[in-house]
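Number of protein chains: 4
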Amino acid sequence: MPSFQLASREYKKEDTVIHLGTAAVGGGNTLIIAGPCAVENREMMLELAPVLKDMGVHVLRGGAFKPRTSPYSFQGLGEEGLRILNEAGRCTGLPVVTELMDVRDGELVYRYADIIQIGSRNMQNYTLLREVGQMDKPVMLKRGLSATIEEWLLAAEYILAEGNQQVILCERGIRTFETYTRNTLDVAAVGAVKNLSHLPVIVDPSHATGRRELVAPAAKAAAAAGADGLMIEVHPNPGKALSDGQQSITPRELAVLLKMVRAIDHALDRSRVHY
Amino acid sequence: MPSFQLASREYKKEDTVIHLGTAAVGGGNTLIIAGPCAVENREMMLELAPVLKDMGVHVLRGGAFKPRTSPYSFQGLGEEGLRILNEAGRCTGLPVVTELMDVRDGELVYRYADIIQIGSRNMQNYTLLREVGQMDKPVMLKRGLSATIEEWLLAAEYILAEGNQQVILCERGIRTFETYTRNTLDVAAVGAVKNLSHLPVIVDPSHATGRRELVAPAAKAAAAAGADGLMIEVHPNPGKALSDGQQSITPRELAVLLKMVRAIDHALDRSRVHY
Amino acid sequence: MPSFQLASREYKKEDTVIHLGTAAVGGGNTLIIAGPCAVENREMMLELAPVLKDMGVHVLRGGAFKPRTSPYSFQGLGEEGLRILNEAGRCTGLPVVTELMDVRDGELVYRYADIIQIGSRNMQNYTLLREVGQMDKPVMLKRGLSATIEEWLLAAEYILAEGNQQVILCERGIRTFETYTRNTLDVAAVGAVKNLSHLPVIVDPSHATGRRELVAPAAKAAAAAGADGLMIEVHPNPGKALSDGQQSITPRELAVLLKMVRAIDHALDRSRVHY
Amino acid sequence: MPSFQLASREYKKEDTVIHLGTAAVGGGNTLIIAGPCAVENREMMLELAPVLKDMGVHVLRGGAFKPRTSPYSFQGLGEEGLRILNEAGRCTGLPVVTELMDVRDGELVYRYADIIQIGSRNMQNYTLLREVGQMDKPVMLKRGLSATIEEWLLAAEYILAEGNQQVILCERGIRTFETYTRNTLDVAAVGAVKNLSHLPVIVDPSHATGRRELVAPAAKAAAAAGADGLMIEVHPNPGKALSDGQQSITPRELAVLLKMVRAIDHALDRSRVHY
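Protein chains in written order, with our numbering: chain A, 484 to 758; chain B, 484 to 758; chain C, 484 to 758; chain D, 484 to 758.
Calculated from the structure, these hints are not laboratory results.
This one's a predicted model, so the numbers in the text were calculated from it and none came from an experiment.
Accuracy of the hints is not assured; some may be wrong.
Given that identical chains are not distinguished, each listed pair holds provided it fits within a single copy or across any two copies.
No more than 20 Å apart at the CA atoms, straight line, and that leaves these computed lysine to aspartate or glutamate pairs for EDC-like [said to hold, decoys possible]:
#1 Lys496 <-> Glu696
#2 Lys495 <-> Asp588
#3 Lys742 <-> Asp752
#4 Lys742 <-> Glu563
#5 Lys723 <-> Glu645
#6 Lys496 <-> Asp588
#7 Lys620 <-> Asp537
#8 Lys536 <-> Glu736
Throw the hints in and build the complete structure from the sequences for me.
In C-alpha cells form, the structure reads like this:
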C-alpha cells in the first residue's frame, strides 16, 4: 500500500502551525476548543460563549448537523444551528468549528464556520475529504472509531493532496473490548503522530471517555503527552443536554481543568503564548 | 438510545424477500453474487459475465467507484465502469450491484445499477443512507468495520425510515486484534441478525478473510450458518488484479465452491429454487 | 520472534490423528464432545452420559475445577467432580475431558481424565503447558481470549517441545468490541490452522457465542469450515445450571443439531467412520 | 455476576497506602520502579542499581522467570536471577519486584523479592492469585491483555479475599486493532480505577507502547492522569538487551523523564515526599 507522503515528517520537517483568529495550533501552545455537543438554542449559545472566552477558550464548538446512530435521535438544528454558532463567534471574536456531514452542505458550512470538522464516522468518506481539501479553511479530521494511525494519516493525505494544507488531527478514542468507557483514549497516538507527521494533533477527552468524571484526567494526560490542543464538551446543565450530556462538564469544571492544563504546560515548558 | 424498529423481527415477523431479476434473496435459497472487486476493462467484464452466469451466479458485482485507503491507489473507472458493468448485466440477463460513494452520484449509479451497495466505510454516512432510502431499488448495506450488530441494524433503519424496504445486509468481517486474516468473519452475526430482524443477510467471505485460500471455508461456514447469500470476488487472473487480488479466486475455484455450497444447502434442506 | 516449528505443517505434512477410545480426531471425521459446563452432582452426570452416548457423542466433558471471573462464583466440585466424571465415563465407555488449572493437581487430573483441557485463561500459563507436555495423554488447548493464531500455535509448541505430540486445538471465540455475543467465533481460524499446522482443531460454539439460540448455527458453520470436532455444553435443565446455563442446550436440541452436522459432513464428503 | 467487594471504594473509602522500604505507593506521590526487563547478569545489575537509586528510583525491577510467547526465547536466569536481583536490592537499600509464574516457586520468589509481580498472562491464573493472597508481601497485579477493568478488579478480589490487602494494580496496555504500538495504553483506566477502588494503580509505559520513543510521552500522560506510580524498563544498552530492548530506555533518558514527571506532580500539587 502506498502510504502517506504530504502528511509525513519526512516530507516536511517543521511543525505545521495553523492560525485560528488570534490563536494558533501546532506552535507549542495548547489550543482549547470548547462548547456544547449540539447547538440547542440561541440563548444558551450566546450566554455560554462569553463565559468560555473569559476563561481562555480559543475556539467555540457546537454541532448543527449531528451524526446520530439512530434516525430517531435529535439530529441538530441544521442551518439555524450554524447561524447561532456563527453569531456566538462574532459576538466574542472567537473562531467557530462545526461538523460537515453532507458534501452538498459544503458551501453552507463553509460560510458559517471558521474550521470545518470531519467526524469519526466520515473519516473515510473520501468524497467529503476531497471536498474540504479544496477549501481554504482549516479542517479538523477526527480519527475513525477503528482507524489505525496510518489510515488516519492517509485520510489526512486525501485532504492535503487536494491542496488544503491546514489539517488538524483529533484523537477521540478508539473502539476496544472495554465497555466501562465509551471508547479507549489512545494517548500514545499523540506521540506517534508527532513523530510520523508535521500536522498538529489535538485530543477530545469527552468522546474518548464518554464519562464526565474522566474528562479531566484524560485531558491532563493528553496535555502531558504533548497534544497541541483539547476539544471539550461543555454544557451549562449537562443533565438536560439534548445529546452527550453524560460526557459534558460544566463551565465551572472547565475553569478548574484549564488551570491544571496550564500548569502542566508550564511544567513541561511549552510556550503558552495564547493564555 | 432508541433502537431499531422497522428493521426488527417484532415489527415484521415474516422474512423479507427481495426479488432480483429471476432470483430472490431472503426466501430460503442462497443468492450468489460474484465478480471482480473493480471493473477493470470492458473485455474482461464481458468475457467473465457469461462464465459466471453459466455456473449459476445470480448477480454480477463490480466496483466503478472504489473507496481506497490511500488517495494514490487505483480509484476505479467511474462512469465508464458503470457502463461496462451495466452492459455485462444486459448481455447475460444478470442484475448488477455496485457501490455508491458520493451522494451527488446517486442518479448516475441508480441509472446503471440494479442493486445499490453502501460500503463498510460509509455504513454511518447518514446522508448517503437517506439518499438510497428514497430510491426504489434494493440496497445492499455492508456492516461497518467496527459496527455492532445493533448499529448496523440502526443504519438499515435510516434507509427503511425513508421508505425503501428493500435492504440486504452484508456481513464482511469486523476489525479485531487478529492480523493473520484481513478482518474477522463474524459468522454468528448471521444467526443473530436472523433472530433480531426480518431482513435478508448475506456474507462476503472475500473481504472477511482477505486470503484466497480461506474464501472457500468461510463461504461454506456462512452457508451452513444460514446466510441468505454470498458475495465473492472473482478474477480471471487474481495475481494481476488492480485491487484485492490476494483475496480473489478464479472462476474455476468458484465453480468448485458453489458445488459445495449447494451440497450444504441441500443437506440443510433449504429450498434451492434458483440453482 | 522465533515462531512455531513442531506445530507447523512444514515440519509434519500429514494431519496428526489422535485416538480417543474408539473415536479419533484429526482423521477426517467430526469428533463430538458434549456434557455440562460443570459437574454438578453424580445423579445428573450418570443420567446424562448414556443419553449423550446414545446420540453418538464420542467424548464426555464436565468441569471439576472451574475458572471463574469472580472468587464468589461456584468453583466446581474439585476431586469429587473428577470422580463423578470418571465414573460416568467408565459406565458408558466414553473417554472424558476436564480442565486442569493448578499445576499441583496434575497427577490428580491425570488419574481421572482421558484428555486434559487447558482453558483459555491459561493458554499462556507456561508452567501448566510444560506440565501437560510431559504427560502421555492428549491435551486440548483452548485459544486465549485475545490470542493471535500464531500465539496459540506457539502455546501448542510449548507442549510439543516437552514431548507430548497429542495436542488438540480448540477455537472458542475471541474478544472483540461486539457485546451481543459473549465472544466472536473466529471461524476462519479453523481454515488458517489447517493450513499452518498438522494439529487437529475443534470448535466450542457454546463459549464462542454465549447464547443458546446461536449454538446450532455456529456449530454448523464450524463443521462446514472443516473443524475436526465440536465441543458443546449440554445440560438437562439449562435454566438451572450452576454455570453457563445461558449458553447450554438440552440433549434433545443436541440430537437435532448432530443430525445437521452429520448431513453437512456427508455433503462435504468427509469420512464419517465414527457415526 | 457478583462483582468486586473488598476491592471497591464503597467497601473502603480512603486510599490504600502500601509501604515499600522507605517509599510508599498510594499516598499521593508517584512511585518509580525501574530496571531491566530481565536480569541478564550480576555485573550489569550491580552497576545499574546504584545509578537508578541516585536518580530517585524507589524500587528495582528485574525478571528472573520470564513468560515468553515462544518456548525458544530466553526464559530468564531462574533462581540465579532472583539472587542477583536480591543482592542489587540489598546493596542499594531498594526493595525489589519480580514476577512469580509457577505456584510451586512461591516460597522461592517470596524469599528473594519484596514485591511479588503477577504478570498479564497470569491475571486470571486463579491458583497463583490465591497463592499470593496468602503471602504477607505486597503483590503487583498487571492487567491482562484483554481484561476489562471489572475483571481486573475481580482478579484483585481473589487476592484480597485470601487475606492479603497489599495489592498494587498495574495498567500495561490492552490489546486492540492498532499495531503501530505493541499495546494501547488505556490511560483513562487510571481514573476509572481511582473512582471504583481504593487500591493504588501504577502504569507501565514500556509494555504499553513497546516503542522506546513513546515511553516518555506515555509516562508523562500517566502521571498527569493521576497514576500512583510508573514502572519503566531501563537498560544500559537497549540494543543488546536479551528481551524487550526495543522498548527499553537508557538510564540517562530515565533521568530526563523523571524530571518531567516530578514537574508534572509539582504542577498538579501532588505530595512528593519521596523524591
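Evaluation of the provided hints:
{"no.": "1", "hint": "Lys496 <-> Glu696", "in the structure": "between (38 Å within a copy, 17 Å between copies)"}
{"no.": "2", "hint": "Lys495 <-> Asp588", "in the structure": "neither (32 Å within a copy, 35 Å between copies)"}
{"no.": "3", "hint": "Lys742 <-> Asp752", "in the structure": "both (15 Å within a copy, 12 Å between copies)"}
{"no.": "4", "hint": "Lys742 <-> Glu563", "in the structure": "neither (34 Å within a copy, 51 Å between copies)"}
{"no.": "5", "hint": "Lys723 <-> Glu645", "in the structure": "neither (41 Å within a copy, 29 Å between copies)"}
{"no.": "6", "hint": "Lys496 <-> Asp588", "in the structure": "neither (35 Å within a copy, 39 Å between copies)"}
{"no.": "7", "hint": "Lys620 <-> Asp537", "in the structure": "neither (25 Å within a copy, 52 Å between copies)"}
{"no.": "8", "hint": "Lys536 <-> Glu736", "in the structure": "within (15 Å within a copy, 39 Å between copies)"}
When the structure is compared with the earlier hints, violations turn up for hints 2, 4, 5, 6, 7 and for no others.
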